[in-house]
Amino acid sequence: MTYTFLQNYWWILVSLLGGLLVALMFVQGANVQLINPRLDGLKKRMILNSTGRKWELTFTTLVTFGGAFFASFPLFYSTSFGGAYWVWVLLLVTFVFQAVSYEFAHKKGNLLGLKAFRLALAANGLLAPFLVGTAVGTFFTGSYFHVNKDAIAYRTSPVISVWDSPLHGLEALGQWHAVLLGLTLVALTIILGALYLIKSVDDHPVRKKMRKVVQLMAIPFLVLFVAWFAILMFRDGFFVEADGVVSLEPNKYLQNLLSMPAVMAMVLAGVTSLVTGLHYGALTKSRRKGFWFAFAGTVLVVMAVFFLAGFNDTAYYPSISNMQSSLTIRNSSSSYFTLLVMFWVSLLIPFVVAYIAYAWYKMDRYGITDREIEKSENKY
Amino acid sequence: MDVVTWSRLQFAMTAAYHWLFVPLTLGLALIMAIMETLYVVKKDDFWRKTAQFWMKVFAINFAVGIATGIILEFEFGTNWSNYSWFVGDMFGAPLAIEGILAFFMEATFFAVMFFGWHKVSKRFHLASTWLTGIGATISAYWILVANGWMQNPVGTTFNPDTVRSEMMSAQAFWEVVTNPVAVSKFFHSVTSGWVTGGVFVVAVSGWYLLKGREKVFARKSMLIGALVGLVGSAAVMLSGDSSGVHAAEFQPMKLAAAEGLENGGKRAPFSIVPGVEIPGMLSILATHSLDGYVPGINDILNGYTDNDGNVVPSVAEKMARGRKALDALAVYRNIREQYPDSAAVVKAQMEKDVQYMGYGHLSKPEDVIPPVGLVYWAFRGMVGLGMLLALMLLLAAIFAWKDKLEKKNWFFWLALICIPLVYICGQCGWIVAEVGRQPWTIQGLLPVNVAISSLSAGAVKTTFFLFLAIFALFLVIEIRIMLGAIKKGPKLTED
Numbered sequence: 012m013t014y015t016f017l018q019n020y021w022w023i024l025v026s027l028l029g030g031l032l033v034a035l036m037f038v039q040g041a042n043v044q045l046i047n048p049r050l051d052g053l054k055k056r057m058i059l060n061s062t063g064r065k066w067e068l069t070f071t072t073l074v075t076f077g078g079a080f081f082a083s084f085p086l087f088y089s090t091s092f093g094g095a096y097w098v099w100v101l102l103l104v105t106f107v108f109q110a111v112s113y114e115f116a117h118k119k120g121n122l123l124g125l126k127a128f129r130l131a132l133a134a135n136g137l138l139a140p141f142l143v144g145t146a147v148g149t150f151f152t153g154s155y156f157h158v159n160k161d162a163i164a165y166r167t168s169p170v171i172s173v174w175d176s177p178l179h180g181l182e183a184l185g186q187w188h189a190v191l192l193g194l195t196l197v198a199l200t201i202i203l204g205a206l207y208l209i210k211s212v213d214d215h216p217v218r219k220k221m222r223k224v225v226q227l228m229a230i231p232f233l234v235l236f237v238a239w240f241a242i243l244m245f246r247d248g249f250f251v252e253a254d255g256v257v258s259l260e261p262n263k264y265l266q267n268l269l270s271m272p273a274v275m276a277m278v279l280a281g282v283t284s285l286v287t288g289l290h291y292g293a294l295t296k297s298r299r300k301g302f303w304f305a306f307a308g309t310v311l312v313v314m315a316v317f318f319l320a321g322f323n324d325t326a327y328y329p330s331i332s333n334m335q336s337s338l339t340i341r342n343s344s345s346s347y348f349t350l351l352v353m354f355w356v357s358l359l360i361p362f363v364v365a366y367i368a369y370a371w372y373k374m375d376r377y378g379i380t381d382r383e384i385e386k387s388e389n390k391y
Numbered sequence: 053m054d055v056v057t058w059s060r061l062q063f064a065m066t067a068a069y070h071w072l073f074v075p076l077t078l079g080l081a082l083i084m085a086i087m088e089t090l091y092v093v094k095k096d097d098f099w100r101k102t103a104q105f106w107m108k109v110f111a112i113n114f115a116v117g118i119a120t121g122i123i124l125e126f127e128f129g130t131n132w133s134n135y136s137w138f139v140g141d142m143f144g145a146p147l148a149i150e151g152i153l154a155f156f157m158e159a160t161f162f163a164v165m166f167f168g169w170h171k172v173s174k175r176f177h178l179a180s181t182w183l184t185g186i187g188a189t190i191s192a193y194w195i196l197v198a199n200g201w202m203q204n205p206v207g208t209t210f211n212p213d214t215v216r217s218e219m220m221s222a223q224a225f226w227e228v229v230t231n232p233v234a235v236s237k238f239f240h241s242v243t244s245g246w247v248t249g250g251v252f253v254v255a256v257s258g259w260y261l262l263k264g265r266e267k268v269f270a271r272k273s274m275l276i277g278a279l280v281g282l283v284g285s286a287a288v289m290l291s292g293d294s295s296g297v298h299a300a301e302f303q304p305m306k307l308a309a310a311e312g313l314e315n316g317g318k319r320a321p322f323s324i325v326p327g328v329e330i331p332g333m334l335s336i337l338a339t340h341s342l343d344g345y346v347p348g349i350n351d352i353l354n355g356y357t358d359n360d361g362n363v364v365p366s367v368a369e370k371m372a373r374g375r376k377a378l379d380a381l382a383v384y385r386n387i388r389e390q391y392p393d394s395a396a397v398v399k400a401q402m403e404k405d406v407q408y409m410g411y412g413h414l415s416k417p418e419d420v421i422p423p424v425g426l427v428y429w430a431f432r433g434m435v436g437l438g439m440l441l442a443l444m445l446l447l448a449a450i451f452a453w454k455d456k457l458e459k460k461n462w463f464f465w466l467a468l469i470c471i472p473l474v475y476i477c478g479q480c481g482w483i484v485a486e487v488g489r490q491p492w493t494i495q496g497l498l499p500v501n502v503a504i505s506s507l508s509a510g511a512v513k514t515t516f517f518l519f520l521a522i523f524a525l526f527l528v529i530e531i532r533i534m535l536g537a538i539k540k541g542p543k544l545t546e547d
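As given, the protein sequences belong to chains A and B, one line each in that order. Each residue of the first sequence is one higher than the last, beginning at 12 in our numbering. Each residue of the second sequence is one higher than the last, beginning at 53 in our numbering.
Accuracy of the hints is not assured; some may be wrong.
What the hints assert, rightly or not - 25 Å max Cα-Cα, derived DMTMM-like pairs, lysine to aspartate or glutamate:
1) A/386 to B/97
2) B/174 to A/383
3) B/101 to A/381
4) B/272 to B/96
5) B/171 to A/213
6) A/160 to B/403
7) B/543 to A/182
8) A/160 to B/54
9) B/171 to A/381
10) B/108 to A/375
11) B/539 to A/385
12) B/416 to A/161
13) B/513 to A/182
Just so you know, the hints here were simulated from the structure itself, not pulled from any lab data.
Please model the complete structure; the sequences and the hints are all you need to start from.
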């Protein structure tokens with residue numbers, strides 16, 4: 012196996028984890044319904060318990076996505092996390108509140124009251140996809156940093172990656188194209204969440220309301236996504252020459268799409284699958300198809316977006332303030348042997364996916380009912 | 053305070069807080085799995101209800117443990133940016149493997165364990181309960197592989213082209229995975245979790261007996277908790293012994309600080325408290341030989357000859373050689389593209405001193421001394437409390453086994469007092485391990501002031517207080533909810 016193969020392989024795996032993370036954010040999208048005034052307390056508790064059986068999967072995927080990025084592309088981890096400090100801290104805080112809110116929300120003695128924890132879950136439901144989307148958006152718009160590996164030899168200022176904006180990540184909110192992706196993800200995850208609730212909550216009023224949510228959000232989502240994607244196709248991209256020099260190239264991402272037919276096929280298949288999911292969720296009585304089509308479509312499209320960012324001689328984490336500091340799959344990865352060892356470990360992933368699927372199947376054979384919530388002792 | 057100090061405080065606070073929840077997770081996971089196994093084997097519904105009660109307590113504790121775990125992972129990047137690059141090649145792999153192998157197992161089977169009582173078969177449920185605990189234990193292994201590497205960085209080579217420590221062969225990964233420090237840390241930490249779980253179950257059971265409630269439940273829970281805790285105590289002592297030997301071999305300054313040993317030598321004494329010593333005992337503990345040489349703080353500063361006859365240079369000499377290595381590195385990186393032949397010569401010069409490169413970043417030799425008082429007393433706290441806890445668990449096992457729990461209110465109060473003590477004991481252990489490693493993030497390779505992110509002290513100070521407020525809030529809520537669940541009790545009808 013060559014070093015290049017392993018670098019590409021790990022970019023594909025990171026992309027897959029990114030795709031799964033966004034798709035699994037149906038948990039966040041569904042939790043937004045906890046502040047829906049049209050749902051009563053019992054329905055909200057059904058939703059809480061429905062996402063409560065899956066939130067750890069999303070959380071774990073986030074942790075693994077971070078861990079895999081750290082292990083395979085550590086320069087991204089050190090540059091982005093250490094630089095865009097406030098974005099990552101904010102994301103962290105929302106996830107930390109989410110993690111405890113399930114356990115605390117309905118317990119006596121929780122100090123803040125039920126509504127506060129519902130609000131925390133809904134806030135995570137809106138902020139997490141927005142922040143993740145905006146952060147991924149900067150893969151195309153660029154960020155303000157420079158990398159100087161010589162610095163490690165300096166005794167006074169040895170830090171290699173330095174963020175050039177005093178806002179430490181918050182300046183991304185001024186990059187409207189990145190923000191557009193953040194908003195797209197918010198709309199997408201609300202739809203995924205509604206589709207998940209149609210599948211997993213065995214309650215007619217909830218399903219009816221969730222179908223309305225899908226109907227309501229489908230058009231805004233498609234408009235946001237198409238706008239973001241169209242702008243992406245025609246914006247300048249960060250081309251990496253053979254000697255590693257980075258330069259701006261017009262329509263770079265359109266070129267990437269045209270020169271990687273497999274990625275184009277993924278985008279087409281993903282979008283088709285997503286639209287099919289929207290159709291089943293919004294316009295038919297089907298309970299499961301909507302979610303699974305949308306889920307698969309999301310994974311494919313997000314993977315394709317990562318491929319557009321990183322493959323075909325493109326800098327996936329470009330620097331606006333110092334273009335030659337831009338991160339590429341080649342200059343930011345771990346060494347050959349680290350990637351090789353992790354390649355062998357990654358062969359266990361199908362086994363992990365298999366037991367998750369089996370457990371999911373066993374647990375979700377029957378939807379959550381109001382009776383179960385009223386009678387069961389094991390609930391959030 | 054500067055950004056290094058605030059970053060250290062923030063990470064220390066997060067790690068210490070995380071370790072309030074992890075040991076109980078590890079210990080309760082085993083205890084409730086044993087209880088559920090008894091339910092499946094004996095077909096006795098009592099054990100199902102008993103296991104379910106402890107699972108509720110487990111779930112309350114589990115959530116905060118998970119929440120704080122992700123903060124630690126993020127903080128490696130947010131606050132220790134240089135560290136992330138410098139060691140990502142070595143350190144990232146165990147973290148990624150932890151995610152793939154352990155976290156998904158925990159997450160998947162926790163949901164089945166907690167919600168699946170009426171959804172899956174008895175055996176599948178039992179397997180899920182065991183797998184939740186096994187997942188937590190595998191997770192502990194991989195994170196301790198990473199931590200063990202920070203104490204004893206094996207299998208790594210500095211690459212001046214990428215300016216980081218790298219894995220240069222697949223064999224190196226095996227060295228990292230089987231690092232003796234990691235292996236003994238794993239057993240020490242996991243089995244200390246069993247002690248925590250054991251003490252917790254014994255104390256809560258004792259509280260029910262103190263109140264005259266849930267007597268059968270309490271006695272049987274106490275017996276299982278005490279036995280698990282006792283096995284844990286024995287394993288903690290054994291792995292603690294090897295930890296001492298490893299500290300002597302790989303981190304002599306940590307050992308010297310833990311003993312407050314200014315001047316070492318052969319037949320070094322073990323300090324019980326200042327002024328009270330056992331002659332020769334430290335040599336026996338550290339080297340398994342009465343005549344083993346144990347260096348003191350001054351010996352390490354001034355240089356010494358170790359037990360294998362190797363001359364260990366003084367810190368001043370290491371610093372001088374480290375600076376030579378840093379200077380050579382700077383020159384090498386300047387000329388490597390234009391003058392590759394000259395660069396190769398400079399690189400060879402750098403490699404002569406590269407093992408001390410981290411020392412080149414220190415300001416003065418005394419920088420290598422960790423806070424001696426804190427490490428010294430934390431060590432005594434860990435050992436002393438560990439022995440007290442083992443004694444309490446032994447008494448609990450005897451009383452519960454012989455069913456002599458009547459009129460033992462003094463013991464129930466002792467057990468209750470042991471709940472805060474077991475947490476203090478665990479915190480002391482981590483203070484010895486982590487504060488004792490200072491000023492290094494990676495022992496001998498990367499001091500904390502070089503591992504840092506380019507942030508202002510104000511930014512980290514702000515997040516420090518933000519996390520402090522969040523942690524305090526969660527802790528108060530967690531304790532209130534847990535006390536509520538315990539007061540409510542398992543509601544068994546056998547009494």
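Structure-based check of each hint:
Annotation: proposed proximity of residue 386 of chain A to residue 97 of chain B holds, straight-line Cα distance about 19 Å (limit 25 Å). The straight-line distance between the Cα atoms of residue 174 of chain B and residue 383 of chain A is roughly 19 Å, inside the 25 Å bound, and the hint therefore holds. Straight-line distance between C-alpha atoms of residue 101 of chain B and residue 381 of chain A comes to about 24 Å, which keeps the hinted pair within the 25 Å bound. This hinted pair checks out: residue 272 of chain B and residue 96 of chain B have alpha carbons roughly 13 Å apart, not beyond 25 Å.
Restraint check for residue 171 of chain B and residue 213 of chain A: satisfied, since their Cα atoms lie roughly 15 Å apart, inside the 25 Å limit. For the proposed pair residue 160 of chain A and residue 403 of chain B, the alpha carbon gap of about 18 Å is at most 25 Å, so the pair holds. About 55 Å separates the Cα atoms of residue 543 of chain B and residue 182 of chain A, which puts this hinted pair outside 25 Å; it is violated. Under the criterion of a C-alpha separation no larger than 25 Å, the hint pairing residue 160 of chain A with residue 54 of chain B is consistent with the structure, at around 23 Å.
Between residue 171 of chain B and residue 381 of chain A the alpha-carbon distance is near 16 Å, which keeps this suggested pair within the 25 Å criterion. Distance restraint check for residue 108 of chain B and residue 375 of chain A: the Cα-Cα separation of roughly 22 Å lies within the 25 Å cut-off, and the hinted pair is therefore satisfied. Between residue 539 of chain B and residue 385 of chain A the CA atoms are separated by roughly 22 Å; this keeps the pair inside 25 Å, and the hint holds. With a CA separation close to 23 Å, the supplied pair residue 416 of chain B and residue 161 of chain A stays within the 25 Å bound.
Between the alpha carbons of residue 513 of chain B and residue 182 of chain A the distance comes to roughly 21 Å, so the proposed pair stays at or under 25 Å and holds.
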